[in-house]
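**Student:** Input sequences plus hints: build the corresponding full structure.
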Amino acid sequence: MAWRLICDRGQQIWKYFVNENSNSIEFDKENLNSSDKVYREYAIEQNSKRLNIDENQYEKFHIPLFKDELCSSVVKSVLNGIDYYLSLQVDDGHWPGDYGGPMFLLPGAIITSYITKFEFSQEEKNEMIKYLFNHQLSNGGWGTHIENKATMFGTVLNYISLRLLGIPFNNEQLQKAYNFIQSEGGAMYAPSWAKFWLCVLGVMPWEGVNSLFPELWLLPEWLPVHPSRYWCHCRMVYLPMSYVYAEKIVGEITPLIKELRNELYIEKYHEIDFTKHRNSISSLDLYTPQTYLLKILNIFTNTYESLYNRQLRNKASEFLIDYIQAEDEHTNYINIGPVNKFINMLSIWYSKGRQSQQFQQHLNRVKDYLWLSEDGMKIQGYNGSQLWDTAFSIQAILETGLEHLYTNCLNSAYYYLEISQVLEDVKDHVKYYRHISKGGWPFSTRDHGWPITDCTSEGIKATLLLHEQMSNGPRLITSERLEDAINFILSTQNKDGGWASYELQRSGSWLEWLNPAEVFQGIMVDYSYTECTSACIQALWKFRSQTIYSNYRRKEIDISIKRGIEFIKKQQKIDGSWYGSWAVCFTYGTWFAIEALITVGESPKSKIITKAIEFLISKQNSDGGWGESYLSCVHKTYVPHKQSQVVNTSWAVLTLMSAKADSNIIRKGIQFILNKQSSNGDWNQQSISGVFNGNCMISYTNYRNIFPIWALGRFIKNYYTQ
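Taken in order, the sequence shown gives residues 164 to 885; the numbers are from the numbering used here.
Each hint should be verified, as a subset may be incorrect.
Restricting the straight-line Cα-Cα distance to at most 16 angstroms, the calculated cross-link-like pairs of lysine to aspartate or glutamate (EDC-like) are [unchecked claim]:
1. 192 with 310
2. 530 with 287
3. 601 with 643
4. 831 with 232
5. 725 with 786
6. 733 with 659
7. 705 with 738
8. 478 with 588
9. 223 with 566
10. 239 with 646
11. 718 with 646
12. 705 with 721
13. 799 with 738
14. 339 with 426
15. 658 with 758
16. 590 with 492
17. 732 with 765
18. 805 with 786
19. 239 with 217
20. 192 with 208
21. 601 with 588
22. 530 with 171
23. 839 with 786
24. 230 with 218
Everything labelled a hint here was simulated from the structure, so no lab data went into it.
**Tutor:** Structure, rendered in structure tokens:
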């Protein structure tokens, strides 16, 4: 009996095979980040791509020889590291990996399953139970993400999930969670996103949440508060939430739901005045307090809710369900992310019925979000990070200068670039507030279809590098398709010169005053980010440097690059660093910023780069490495990790090498990376490295291979001569 990952054109599906040998692996709770052993150990066992080149064969394979002992060790390490990493690549060219971490995603799937009566298999349920118990903290609670302290967001939802999965109330571990919830005042002190699920499940009345004001979607689109102006993730979550709220959807009140009503609160359920707890939230969860303006608007919308016009409400519901169906069709029922995936699914179940074709298509895409590691089965933060990891992997391998050894691997990865690029705009994109899509690359798969600025940029860079460095390779991605990608990038530059994630920024940052999600920050509009801006600049520069494209929209590209560089320079902190919005944190943001500046010709001796290098050098640890805590993201100031991290160290030395910094500093960082490599070529999984919305961390298990290989490769190819 064993689990196997089945991949096809980026889609990742875990299947359980009864007649195969078991691949159950124990989870080491000392590190709450999984090492992805279930996938990796089987992949390595099945894969024979290792080259196993020893030093006597270097000349035969045109591998550089160095007298310098460190450089010689780096060559061996890179060969070993790439050999190992090759074993993880699947036939369609991408590298699968764990993209879990948030602890509030699996409950949405479990609650939706319970209400709509679609069943996960018993094997899947067992792994989900294993996952939830593995990540329970010693005080009985769960965090918002796997490295977080206990919060009511994580604890209330995961307690409910375990009960729905069949764990009895008197279970010892569940009793710890029950006591934690009671000690914090009961489930009414969970944040609004948790309360939404409580209402849907029937363990809190809809009067317990602030009005979602569904009629807001019917207001004129020119209004700066219209939902069409929200960041797309925020827009696509509050879209089905608004529909569910408009219809006051509640699942069947079963005996278990009645039990939960008694378990989740201190007072008796029917004696609680839930209207008094709409704004109640535990101090453990509060990250973005409600503004005075939002409180005033909540009073207005809550009052309106008791007086609303049924005809207008019906019109709002019709608009919302039409928009939900459009998002389903545009994404092949994957949806932009797992939060709206399961709320969309719930909406379709209610409006179209469980037997409808639309609901069945939703069912077919549930497994796209499931991922299995040694810690159990989780819901990922997307349907994977396939394109993102693959584009980085290509660049890392090419940086070594050893691409002639890995032709099959790189050709396969190139095929994945080809099959994941978005080739057309979605239907009625203007009607449904979508930006153009044609030419962009998504984070994961073409079926998902939401193109992103930095993913498109990394796709362009990886494609052009392959075309350059593997001149005899295939040319599946045509000039026209690359020009489409450039068109997408140029179309997404904001007025401030920077690039946001998916779309143009459609309203001012003041819209954050209306942010109703107490646990997240910066969700209301799509802001310009240092990382996205840097990636776009590098892609545009790489594109314009190609003779074949030198005249394509040249003037616009030059102006665009100049404006982007001005944005990046303005983002530098007083200490010389840049904040990273999508990974941990200042080492990441600073790497992106410096790469862009050096790419366009900024002198390494300039004040802006000197200051950045001084910042990085000041954070190097005595062991030669860098280690940054996820708390840097939360507090927006550098917080050192108690241990040096291979991924942070790789970003730091990549930056230092780009800026031609002190070689002794770099050599210490490189030596740290070498010291941390395992004999099989892998690096151990350390702390979590991804982030979104300032306060939620997310896993990228492939980062521990990609960035050390990239850093070591740059050391060989670009920093030292033979």
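**Student:** A separate judgement is required for each hint: does it hold in the structure or not?
**Tutor:** Now for the hints, and whether the structure bears them out:
no., hint, result
1, 192 with 310, "11 angstroms, holds"
2, 530 with 287, "10 angstroms, holds"
3, 601 with 643, "11 angstroms, holds"
4, 831 with 232, "13 angstroms, holds"
5, 725 with 786, "39 angstroms, violated"
6, 733 with 659, "10 angstroms, holds"
7, 705 with 738, "30 angstroms, violated"
8, 478 with 588, "28 angstroms, violated"
9, 223 with 566, "15 angstroms, holds"
10, 239 with 646, "39 angstroms, violated"
11, 718 with 646, "15 angstroms, holds"
12, 705 with 721, "12 angstroms, holds"
13, 799 with 738, "12 angstroms, holds"
14, 339 with 426, "12 angstroms, holds"
15, 658 with 758, "22 angstroms, violated"
16, 590 with 492, "9 angstroms, holds"
17, 732 with 765, "11 angstroms, holds"
18, 805 with 786, "12 angstroms, holds"
19, 239 with 217, "8 angstroms, holds"
20, 192 with 208, "25 angstroms, violated"
21, 601 with 588, "5 angstroms, holds"
22, 530 with 171, "13 angstroms, holds"
23, 839 with 786, "11 angstroms, holds"
24, 230 with 218, "13 angstroms, holds"
Consistency note: the structure conflicts with the earlier hints numbered 5, 7, 8, 10, 15, 20.
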